[in-house]
Amino acid sequence: MLDRMISQPILELQNVNKSFGHVQANKNISLKVNKGDIHGIIGENGAGKSTLMSIVYGLYQADSGNIKINDKLIEIRSPHESILRGIGMVHQHFMLVENFTVVENIILGFEGEFVFGEKLNQAKENLTKLCEEYNLKIDLNATISDLSVGFRQRVEILKALYRGAEILILDEPTGVLTPQEVDELFKILRSLKKQGKTIILITHKLNEIMALTNKVTVMRQGEIVGDKNTKDTTKDQLAEMMVGRSVLLRIDKKKPNIGDTVFEVKNINVKDNLDVMRVKNVSFDLRKGEILGIAGVTGNGQTELLEALSGICQVDSGEIKLHGKIISSKKIFAGPRQLREQDVAHVPEDRQRMGLVTEFNASENLIFGYHHQQPFSKSSIMMGKNIFNYSKKIMRDYDVRPQSPFLLTSNFSGGNQQKIILSRELNKDPKVLLVGQPTRGVDIGAIEFIHQRIIDMRDKGAAVLLVSVELDEILSLADRIVVMFDGELVGERVNENVTDREIGLLMAGITN
Amino acid sequence: MEISTDIISLASATLRISTPLVFAAMAGLFAERSGVIDFGLEGKMLTAAFVAASGAHVFGSEWYGLGLAIVCCVALSMLHGFASVTHKGDQVVSCVAINILMIGLTTALAAAWFGQQGLTPTLTDDRRFFEITLPFADAVSGVPLLGPIYSEIISGHYIFVYIAYILVPCVYWVVFKTSFGLRLRAVGENPSAVDTAGIGVELTRYKALAVNGVLVAFAGAYLSTAINANFFREMSAGRGYLALAALIFGKWKPKTALIACLLFGFTDALQIRLQGVPLPFVGVIPVQFIQALPYVLTVVLLAGFVGKAIAPSAIGQPYIKER
Amino acid sequence: MVKAVDRTKVPWWVSNAIVPLINLTLAFIVSGLFIFIAGENPYQALKLILYGSFGYLEGFGYTLYYATNFIFTGLAFAIAFHCRLFNIGGEGQAYIGGLGVFLLAFYFSALPVPIVWLLAILASMLFGAAWAIIPGYLQAYRGSHVVITTIMFNFIASALMVFLLVDVIRDRRQMGPTTEALVKEQWLPMFKNIAAFFGFKVGYSPLNISFLLAILASFGVWFLIWRTKWGYEMRAVGHNTQAAIYAGISPKKNIILAMIISGALAGMLGVNEVLGVHHKILVNFPAGYGFTGIAVALMGRNHPIGIFLASLLFGMLYQGGSEVTFDMPNITRYMFVAVQGVIILFSGALENLFRPQIEHFFVNIMKVKVTT
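Residue numbers (my numbering), protein chains in the order written: chain A, 1 to 512; chain B, 1 to 323; chain C, 1 to 372.
FYI, nobody ran anything at the bench for these hints, they're computed from the structure.
Nothing here was measured: the structure is a model prediction, and the numbers come from that model.
Incorrect hints may appear among the rest.
Where chain A lies over chain C, by a calculated footprint (3+ residues, C-beta under 8 Å) [to be verified]:
id: 1; stretch: 233-240
id: 2; stretch: 243-249
A partial selection of chain C residues facing chain B, derived with a Cβ cut-off under 10 Å [to be verified]:
id: 3; residue: Phe34
id: 4; residue: Phe86
id: 5; residue: Ile151
id: 6; residue: Ile156
id: 7; residue: Ser158
id: 8; residue: Met161
id: 9; residue: Leu164
id: 10; residue: Val166
id: 11; residue: Gly288
id: 12; residue: Ala338
id: 13; residue: Gln340
id: 14; residue: Glu351
Beta carbons are placed, not taken as given, at the ideal position from N, Cα and C, and that holds for glycine.
Please take these sequences and the hints and turn them into a complete structure.
In C-alpha cells, the structure reads:
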C-alpha cells in the first residue's frame, strides 16, 4: 500500500495524439511521471518531445487523449490554466521582458496591488526566501538585459516556482549555457528535487540524462520507444533507441575523387544576433569532389556556421578562406553576392525566412540571388522570356508541382517550395554547395532524386557541405562526417563502416 | 535690464508653447509603450481643438468643450485600436487615414456649421479659459530675482499649463510605479511574456489608447479655448508630429520627453523673438528659416545625432499568438 | 465569426476587385453621412459630383487634369510602398519639383522650347528626388522613421518656398508672392489648343499634355517595378528583408533608391502645375495633391493600373466636389479631404474588415472557382 502511494504519478498522459496537418507529432503517447522524480525525455529532432510538453503546458491542445494530474482528469486550454495547476515551463526562448528587473518579470500578472507598495515588498521577501531555499543566487534588482543567459534561465525557474509550480518542465535548457553554468543548473535541479518538486527534462544530450535523471523516456518519430529507470540502462542502449534501426536509404555512389581544398575554416567563432557565441573555435577544410556532412541536433551552431560560410554574417574571430582568399574575418567580409559570383551556392535551412520571398511567384524565386546575372537580366532589365523558359525547364527537371512559373510561391506545398530552392541552387552547377536540411518536408520519391543530384554534383567535382539533422541523410550521402555539438566540432569520421550508434552518441555529446 | 526681461518673457513663452506638446507626448507615450504606433496625434489634436471650440460656443462653457473633446479623441483612439489591434491592420496607414480624415472633417464641419471658411466663432470671455494669477504674485513681484520668476514665469498661465507640468510626474508614477504601468510596458516589449502570464494583450492596449485619447484632447482644447479663442483650419500645424519626435528623442520616458518638449517650445519662442532681429555676423535671418527651425530640429533629433533611440520592442506589430 | 477562407481558393478578381469595391462603397456611405451632418443632401451631392466631373466636356477636362496630379503622387507613394516605406512627403517633393521646373524654364529660356521641356521634366525629377533623399538616407542608415522625416520635410519645403517666393524669385510687380510668368511659347499645349487644331471649339480646362507624361510615367513605373532588376530588388527588400540579404541584395541601397524615385515622381507634378497650368509658381500649389496620392495608391493596390483608375475617381471627387462646393454653401473642399481620409481608412487600415465574409460568400456560397 505504501509503495503504491509513493509511486503515485503526479502527471499522467493517456493515449495522447497530436497532428499538424499531415504530420503526426505525437502518436498514442502514454506516459507516467512520478512525484519527486527528475524525469528525462530524450529524442532527436522531430521526435515529438517539445510538442508533447507544450500540450501539457497548454500552448497546444491534444487531438485526443487524457491528461491527469494527481489522478484527476483535467483539461488545460492555456498556459494560464497550467500555471494554476502547478505546471511551470522554462522554454528554449525565454519569456522575459529585457528591460525589466528580475522582480518585475516575476510578479508580472501577479502583482496583487495597483500601486506598488506592501505586496511588492512581500513578494521580494518571498522571492529572497525561495532563492535561499533552492540555492538560486539571483540579484532580484538586476535588469534582465544585464544578465547572462545562465542567470536568465534561473529567473525563469524562479518565476515558475513563485507561481506555484510543483512540476517544472525544462525544454533543452543547456543549449545556451557554458559548462560551468550547466553544473550550476544541475545543482539547482537537484535541490529542487530534494524539496519535493517534480522535474521533466527535455533534452537530446545523453550526459544530462545519465547525470541527473532517475527515469528516462525515449521518443522517436512521435512515439515512445523506451521507458526505463536510468540506473537500469546505459548510454549505448539509449542512443540505439534514439536513432533506431531505421531503413537506410543508401545510394550507390562511387568513391570520391577528392581534389584541392576549397574552403579553409580556421578557428572561427560566430555569434548569433543575440550576441551569444554559437560557433566555438571551429576549424575544418572542405575539398573538391567530397561531401562533408555535418550532423547534429538543431541548435548546436550549424545555422550560424552556414550563415558565416555563405556570407550572411561575419565571423567574430578566426578566418574563412575561399580558394585561398579570405572572405570572412574580423576585418574582411564578403557578402552573399560576391560568394555567388565565386560559384558558391547556398540552400538555407529556413526556406521561408531566408530562401524565398513567398510573395513572389515561382519564376521570381527561381532566379532569386541570381537575378542580376545573364541571361535573367541584361543591363538591369529582366528578360521575361528567358526567365520563363528557364523556369519551365527547371520545374520540369526537378518535378516541381504544379509546373506554373507564375503561380505565387505561397501556393506551393512546403516540399515543392523546397524543390524550388534546391533546383535554383543545384542547377547553377556550383563549385561549392552549402546545403542545410535539403529534404525537410519533401516526400520520399523526391528525396531520392535530390540525393542523387547532390551526389552528381560531387561527382562533377563540386565541394559539398551538407548540414542535416537526419542521420540517415548524412550516412547516406557524406564521404566524411563531423558532428556539431554545443558549437564545437566533435569527432570526425570517414564514412566507411560508421554506425548510426556511433554518430548518435556524438550527437548526444558523448565523445569517446 | 533689457536682457533679463527678454529671458523672463522667453521662459514664460517656452512654458506656454510647450504645453500642448507635453500633453500630446504623454498621450503618445501610453500608446507607444503598449506597442501601438501613434502617428495620429496630429489629427486627434486638431479634432480636440475643433470640438472644444465648437462645444464651448454651443454649450456656453469651456469645460463642456473640453469634455466633448475628450469623448471625441477617445473615440478616435478606439477607432485606431479597432483597426490595428483587433483587425491587425497596418498601424501607420490607420494613423495617416485618421489624420487626413480629421484635417478635412474639422474644417468642413466648421465651415458648414459656422459659415466662416473654417473658423469657429470667436469665444466670448465667459466661454474660454484664462490666465491664472497665482496667489501673492503681485505682492512678491518686487522681490529681486525670485520675485519675477514667480510672478512672471510661474504665475499667469492657463490652467492647462499647470496641469501639464503636474501631469508629467503623474505619468511617471503610473507607468513605473503601478501594476497597470508594468503590464503596459510589458505588452510593448514582449507580448508573449504577458500572454503566458494570463494578461490580455489586446485589452491592455485598448486601455492605453483610452488614456491616450484623454490626454491628447487636452492638447487640442488648449489650442482653441485657451491661447486662442477659436478653431481655425489646420491649427495644430504639425505639433502632433513634433510631440512624437520629442517622445522618440526622450526615449519614451516622461522626464526626458518633457525636456524635449521644452526644447521645442523654446525654439518656437525664440523664433518669434528673433523675427526681424539682426544677429551678429549673419544679419537678419529670413523669418521663414526661423519658422522652420522646430521642423529641422525634429529631423536632426530623429537622425540620432543626439543618441540612438530604441523603441519599445514590440511596437508596430500586431500581436498574433505564436503557434 | 466567419472562418477565413483558404487563400488559394479565392479568385484573383474577388481579392483585387470585389473587396476594394465594397470597401469603397462603405467609404462612400460614411462620407454621405458626413455630408448629411454638414446639413446637405448626400444624394444631391452625388448627382452634382457626377455632373460636374463627367457631365460636360470642360468638367471632364478638369477631372483629367486633377487625375494627372494624382497619378504622379500616387505612383510616388506606391513605389516607396513596394519597399515597405511610407513616403508622406509627396507634397513637399512636388513643391520643390515645381521649383526646379520654374528655375529651368525661366533661366534657360534661350534654349529651344522642346529642349526646355525635356530639361524641365528632368529638373522636376531631380529636385523632387533631392527632397526625398535625406529622409531615405536617414531611414536606411539611422533608422529614423520615414513618416516623420518626410512630414517634417513637407513643412520645411513650405517655409523654404514662401521665403523664395517672397524674397528671392518674386515678381515685384505683383501684389502677392508669386514668380514672374513664363513666356507663352514655353507653355505646354493644352487640350483646348489641341482640340482647336483639329477644328473643335472647346472651353477652358487646365488639362494639358502633361497628362500624357503621367501615362508615360505610369508605364515607366510598371516597367521599373516588374521588369527591371531594381524593381525586383526593391520588392524583395519590401517583402522579406532577411531573404533579400541572403540573395545578396542591399536593403540600405534599395531604401534610398526607392525614396529617390518616389521623390522624382512626386516632383513631376510640378511639370503639370508650373509648365502646364499656372505658368508660374503659386504659393502652395501642391494643395493637398500629395496626400491624395496616398489614398490613390492604397486604393489602387499600388499598381499603376489601379492608380490610374483611382486617380480618375479622385479627379472626379475633386472636380465634382468643386461643383458641389459651388452649389452647396455648406460644403467646402475640406469635406473632400475628409472623404479621402475615409477612403484610406476603409481601403487601407480596415481593408480586411469584411474580407472573410466576402470571400466566404463567393467561394462557399456562390461556389466560384479559381481558374489557373
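Agreement of hint Ile151/C with chain B interface, Cβ distance less than 10 Å: 5 Å, holds
Can you verify the interface hint for Ser158/C: is its Cβ closer than 10 Å to any Cβ in chain B? 8 Å, holds
Given Gln340/C was flagged as interface, is its beta-carbon under 10 Å from a beta-carbon of chain B? It holds, given that the least Cβ distance between Gln340/C and chain B is near 6 Å, below 10 Å.
Residue hint Ile156/C, partner chain B, criterion CB-CB below 10 Å: 5 Å, holds
Agreement of hint Leu164/C with chain B interface, Cβ distance less than 10 Å: OK, holds: Leu164/C within 10 Å of chain B, min 9 Å.
Checking hints one by one. Is Phe34/C an interface residue toward chain B, by the C-beta closer than 10 Å rule? Hint on Phe34/C: holds, closest Cβ of chain B at ~6 Å, below 10 Å.
Against chain B, run the beta carbon of Met161/C and see if the smallest gap drops under 10 Å. 9 Å, holds
Assertion that chain A covers the stretch 243-249 of chain C - criterion: three or more residues, beta-carbon distance below 8 Å: holds (count 7)
Using 10 Å as the Cβ threshold, decide whether Glu351/C counts as touching chain B. 7 Å, holds
Checking hints one by one. Is Ala338/C an interface residue toward chain B, by the C-beta closer than 10 Å rule? Because about 3 Å separates Ala338/C from the closest Cβ in chain B, which is inside the 10 Å limit, the hint holds.
Given hint Gly288/C near chain B, where the shortest CB pair must fall under 10 Å: 9 Å, holds
So, as I understand it, the hint says Phe86/C touches chain B; can you test that by seeing if any CB pair is closer than 10 Å? Hint holds; Phe86/C Cβ to chain B Cβ min 5 Å, cut 10 Å.
The structure meets every hint from the earlier list without exception.
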